[in-house]
Amino acid sequence: MRTFLKFFFNPIEDRERFLNQKAEEGYELVSSGSIFHKFNKTDKNKKYMVQYIGYMNNKERMEYEDFIKNMNMRILYSPLNL
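FYI, numbering that gives the first Met the number 0 numbers position 40 of the sequence shown as 39, with every residue one higher than the one before it.
Treat the hints with care, since some could be wrong.
DEER-style ranges, computed between Cβ atoms [to be verified]:
| # | residue 1 | residue 2 | range |
| --- | --- | --- | --- |
| 1 | Met55 | Glu24 | 27 to 35 Å |
| 2 | Gln20 | Met72 | 14 to 22 Å |
| 3 | Tyr54 | Arg1 | 16 to 24 Å |
Cross-link-like lysine to aspartate or glutamate pairs, in silico, EDC-like; alpha carbons within 20 Å at most [what the hints assert, rightly or not]:
| # | residue 1 | residue 2 |
| --- | --- | --- |
| 4 | Lys40 | Glu12 |
| 5 | Lys68 | Glu23 |
| 6 | Lys46 | Glu23 |
| 7 | Lys40 | Glu23 |
| 8 | Lys37 | Glu59 |
| 9 | Lys5 | Glu23 |
| 10 | Lys68 | Asp13 |
| 11 | Lys43 | Glu27 |
| 12 | Lys43 | Glu15 |
| 13 | Lys43 | Asp65 |
| 14 | Lys37 | Asp13 |
| 15 | Lys45 | Glu59 |
| 16 | Lys5 | Glu24 |
| 17 | Lys43 | Glu64 |
| 18 | Lys40 | Glu64 |
| 19 | Lys45 | Glu27 |
| 20 | Lys40 | Glu27 |
| 21 | Lys5 | Glu15 |
| 22 | Lys37 | Glu15 |
| 23 | Lys46 | Glu59 |
| 24 | Lys46 | Glu24 |
| 25 | Lys46 | Glu27 |
| 26 | Lys45 | Glu24 |
| 27 | Lys45 | Glu12 |
| 28 | Lys45 | Glu15 |
| 29 | Lys58 | Asp42 |
| 30 | Lys5 | Glu27 |
| 31 | Lys46 | Glu12 |
| 32 | Lys37 | Glu12 |
| 33 | Lys43 | Glu59 |
| 34 | Lys46 | Glu15 |
| 35 | Lys37 | Glu27 |
| 36 | Lys68 | Glu24 |
Please keep in mind that the hints were generated in silico from the structure rather than gathered at the bench. A virtual CB, placed ideally from N, CA and C, is assigned to each residue, including glycine.
Construct the complete structure from the given sequences, taking the supplied hints into account.
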């Protein structure tokens, strides 16, 4: 496992760019926090998308999470750098 220290000035677009850059280098995200991001080396082809869902109420969020999971995608949570 490898940990990268990264601060994002734009927590949505910059984080997505960083995650996809690491994926191109052969890393798969294990966990992500405000500034520490843990990856495992992999040979899988990964693509990441970062979305802000804080505006959703609990019911909307749960429905959206079910939608994502039904598409065989994995959800990882991370705090925004506020």
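Results for each hint:
1. At about 32 Å, the beta-carbon gap between Met55 and Glu24 stays in the expected band of 27 to 35 Å.
2. Between Gln20 and Met72 the CB atoms are about 20 Å apart, so this pair conforms to the stated range of 14 to 22 Å.
3. A hinted range of 16 to 24 Å is violated for the C-beta pair Tyr54 and Arg1, which are about 33 Å apart.
4. At most 20 Å may separate the alpha-carbon atoms for a hinted pair to count; Lys40 and Glu12 exceed this at roughly 23 Å.
5. Proximity of Lys68 to Glu23 is assessed by CA-CA distance (about 23 Å); at most 20 Å being required, the pair is judged violated.
6. Taking the CA atoms of Lys46 and Glu23, the gap is near 9 Å; set against the 20 Å cutoff, the hint holds.
7. For the proposed pair Lys40 and Glu23, the alpha carbon gap of about 11 Å is at most 20 Å, so the pair holds.
8. Straight-line distance between C-alpha atoms of Lys37 and Glu59 comes to about 29 Å, which puts the hinted pair past the 20 Å bound.
9. Restraint check: the Cα-Cα separation between Lys5 and Glu23 comes to about 17 Å, which is no more than 20 Å; the hinted pair holds.
10. Under the criterion of a C-alpha separation no larger than 20 Å, the hint pairing Lys68 with Asp13 is inconsistent with the structure, at around 24 Å.
11. A distance of roughly 8 Å separates the Cα atoms of Lys43 and Glu27; the hinted pair therefore holds under the 20 Å criterion.
12. For the proposed pair Lys43 and Glu15, the alpha carbon gap of about 18 Å is at most 20 Å, so the pair holds.
13. Between Lys43 and Asp65, the direct Cα distance comes to roughly 24 Å. Violation of the 20 Å bound is thereby established for this hinted pair.
14. For the suggested pair Lys37 and Asp13, the alpha carbons sit about 17 Å apart, so the restraint of at most 20 Å is met.
15. Of the supplied pair hints, the one linking Lys45 and Glu59 is violated, its CA atoms being roughly 27 Å apart against a limit of 20 Å.
16. Straight-line distance between C-alpha atoms of Lys5 and Glu24 comes to about 16 Å, which keeps the hinted pair within the 20 Å bound.
17. With a CA separation close to 23 Å, the supplied pair Lys43 and Glu64 exceeds the 20 Å bound.
18. Of the supplied pair hints, the one linking Lys40 and Glu64 is violated, its CA atoms being roughly 26 Å apart against a limit of 20 Å.
19. A distance of roughly 7 Å separates the Cα atoms of Lys45 and Glu27; the hinted pair therefore holds under the 20 Å criterion.
20. Our distance criterion of 20 Å between C-alpha atoms is met by Lys40 and Glu27, whose separation comes to about 6 Å.
21. A hinted pair counts as satisfied when its Cα atoms are at most 20 Å apart, and Lys5 with Glu15 qualifies at roughly 12 Å.
22. Taking the CA atoms of Lys37 and Glu15, the gap is near 15 Å; set against the 20 Å cutoff, the hint holds.
23. Between Lys46 and Glu59, the direct Cα distance comes to roughly 24 Å. Violation of the 20 Å bound is thereby established for this hinted pair.
24. Under the criterion of a C-alpha separation no larger than 20 Å, the hint pairing Lys46 with Glu24 is consistent with the structure, at around 12 Å.
25. This hinted pair checks out: Lys46 and Glu27 have alpha carbons roughly 9 Å apart, not beyond 20 Å.
26. Under the criterion of a C-alpha separation no larger than 20 Å, the hint pairing Lys45 with Glu24 is consistent with the structure, at around 10 Å.
27. Restraint check for Lys45 and Glu12: the C-alpha separation of about 17 Å stays at or below 20 Å, so the hint holds.
28. Only pairs whose Cα atoms come within 20 Å are accepted, and Lys45 paired with Glu15 is accepted, the gap being roughly 12 Å.
29. Under the criterion of a C-alpha separation no larger than 20 Å, the hint pairing Lys58 with Asp42 is inconsistent with the structure, at around 36 Å.
30. Among the hinted pairs, Lys5 with Glu27 is consistent with the structure: their alpha-carbon atoms are about 16 Å apart, no more than 20 Å.
31. Distance hint between Lys46 and Glu12 is fulfilled; the C-alpha atoms sit about 14 Å from each other, no more than 20 Å.
32. The hinted pair formed by Lys37 and Glu12 meets the criterion: a straight-line CA distance of about 19 Å does not exceed 20 Å.
33. With a C-alpha separation of about 31 Å, the suggested pair Lys43 and Glu59 falls outside the 20 Å cut-off, and the hint is violated.
34. Between Lys46 and Glu15, the direct Cα distance comes to roughly 9 Å. Compliance with the 20 Å bound is thereby established for this hinted pair.
35. As the CA atoms of Lys37 and Glu27 are separated by approximately 8 Å, the hinted pair is consistent with the 20 Å bound.
36. Pair hint Lys68 plus Glu24 does not hold up; C-alpha atoms about 26 Å apart against a cutoff of 20 Å.
In summary, the structure is inconsistent with hints 3, 4, 5, 8, 10, 13, 15, 17, 18, 23, 29, 33, 36 from the numbered list given earlier, while agreeing with the others.
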